[in-house]
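Chemist: Keeping the supplied structure of chain A fixed, place chain B upon it in accordance with the hints.
This is what each chain is made of:
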Amino acid sequence: MKYTPKLLTKNVNISITHPLREFAILTAGILGALILVYVLLGFALEWVVVPRIPQSVERSLGELFLGNYAVEDSPERQYLQGILDRLVEHEPSQTLDYQIHVEENPVVNAMALPGGHIVLYQGLLDRVESENELAMILGHELGHFAERHHLKGLGRGLVLLVLSATLLGDQSGITQFLQDSLARVESRFSQRQEQQVDEFGLHLLQKTYHHVAGATDFFERIQKEEPEGPLSYFFASHPSSANRVDFLNELIASAQYPIGEKTPLDLPE
Amino acid sequence: MLDLALFLILLTVGYFAGRVTEHRHYKSILLREKASLRLPTVTSNMLPEVDQIAKSFLVSGSCVISIDYFKRILAGLRNIMGGRMTAYETLIDRARREAILRMKYEALGSSIIVNMRVETASIFSSTNQNGIGSVEVFAYGTAIKLKKTL
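Listed in order, the protein sequences are those of chains A and B.
The first sequence maps to residues 1 to 269 in the working numbering.
The second sequence maps to residues 1 to 150 in the working numbering.
Extracted from the complex, chain A is given alone in its bound form (with noise of 0.2 Å):
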């Protein structure tokens, strides 16, 4: 048997494909994949289960999320509770009970939670001037109730940690990316529906005072505190507060509400 010495020159083992092309390609497809069964989801929630939650589980939902929240029958509170009832009654739609919660935290946020419970937090509070601006972010809340919001962001997120634990597993890199950009489409929406309750708080107030006095304060304040500190976790589902006062004032304009006299804030010690 002859031997004839033979060089490689053709590699038939490796495919001519660009690493980087691969890449895009595979990335386009899981992450269009996921993201449509994320949107898919959320509308599911949405439109037919969110819908369909009885106040009763609404509400046993809420005492699940109050055990961190205090519930301490200051005169602070009643002082609100006052702010907040006197909204609620010319909401005649909203049938929950609902409740103030003042949370000691330095953090400016406010939050709705399942069962009509709104948590202040005191950084928020210690920013507040007028009566009128801390409507206008109590309407803004009650806004999040009259829409569902409350419960579908709790079934999206959950829809999000499903999907990334149990598709992607332990491959932190991978999931970190998909995870990250998924977040950003959340942001989108959340940031549409912020805008639709800030609408909704605007048309309460009108309702309430009368005149829209003091509504873009309280975003006009911290707009300058923005970029740093406590207040950027505020801020990463919202639209910037810039761009919040402007659409406010379109609809001011738009709809002619006045401009009244504001109520200054007397928060008891």
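Treat the hints as calculated values from the structure; they're not laboratory data.
Honestly, I wouldn't trust all of these hints.
Claimed, not checked - Examples of chain A residues lying across from chain B (beta carbon under 8 Å, computed):
#1 ASN13
#2 SER15
#3 GLY29
#4 VAL39
#5 LEU125
#6 HIS211
#7 ALA213
To be verified - These stretches of chain A come out as covered by chain B in the derived footprint (C-beta under 8 Å, 3 or more residues):
#8 2 to 8
#9 19 to 25
As the list claims (entries may be wrong) - Think about it this way: if two alpha-carbon atoms lie no more than 30 Å apart in a straight line, the pair counts; the simulated DSS-like pairs of lysine-lysine are:
#10 LYS55(B) <-> LYS6(A)
#11 LYS27(B) <-> LYS10(A)
#12 LYS34(B) <-> LYS2(A)
Positions of the beta carbon are idealized from the N, C-alpha and C atoms, including for glycine.
Modeler: Below, chain B alone, put in the same frame as chain A:
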């Protein structure tokens, strides 16, 4: 956010470092394959006539290569979709050829290597989050030095 930045940096570094390493390795492999072309290496187990053999001994070469971060991620994505694992193809190819070259180096001065075999083992761990994606290729055979024919 920081995690994502780190991930993208690793991805970029992995991509370029991996490409440079692979390119260099292939260049060196081709060069050495050319140089060692005159040492016949066969998988046949037919030996020359016993009285012609001056010396015979076991030769082996092994090589461990890892893929870069970029290809690991690429392979992870491919793992979800299925299909040809192109990210791993060059890894295996390089490891195999390198191992054979090392084996040939050990057989320097011989007339032929017969009964060559190649074994592959994966060195893989998914327990920590930066799981290792490497292979070891082990090539071995019988080197034979023939008596000088007068």
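Chemist: All hints, please: hold or fail.
Modeler: Quick rundown of the hints versus the structure:
{"no.": "1", "hint": "ASN13", "in the structure": "holds (5 Å)"}
{"no.": "2", "hint": "SER15", "in the structure": "holds (4 Å)"}
{"no.": "3", "hint": "GLY29", "in the structure": "holds (6 Å)"}
{"no.": "4", "hint": "VAL39", "in the structure": "violated (19 Å)"}
{"no.": "5", "hint": "LEU125", "in the structure": "violated (29 Å)"}
{"no.": "6", "hint": "HIS211", "in the structure": "violated (42 Å)"}
{"no.": "7", "hint": "ALA213", "in the structure": "violated (38 Å)"}
{"no.": "8", "hint": "2 to 8", "in the structure": "holds (count 4)"}
{"no.": "9", "hint": "19 to 25", "in the structure": "holds (count 4)"}
{"no.": "10", "hint": "LYS55(B) <-> LYS6(A)", "in the structure": "holds (26 Å)"}
{"no.": "11", "hint": "LYS27(B) <-> LYS10(A)", "in the structure": "holds (14 Å)"}
{"no.": "12", "hint": "LYS34(B) <-> LYS2(A)", "in the structure": "holds (19 Å)"}
Figure legend: structure checked against the earlier numbered hints; hints not met, in rising order: 4, 5, 6, 7.
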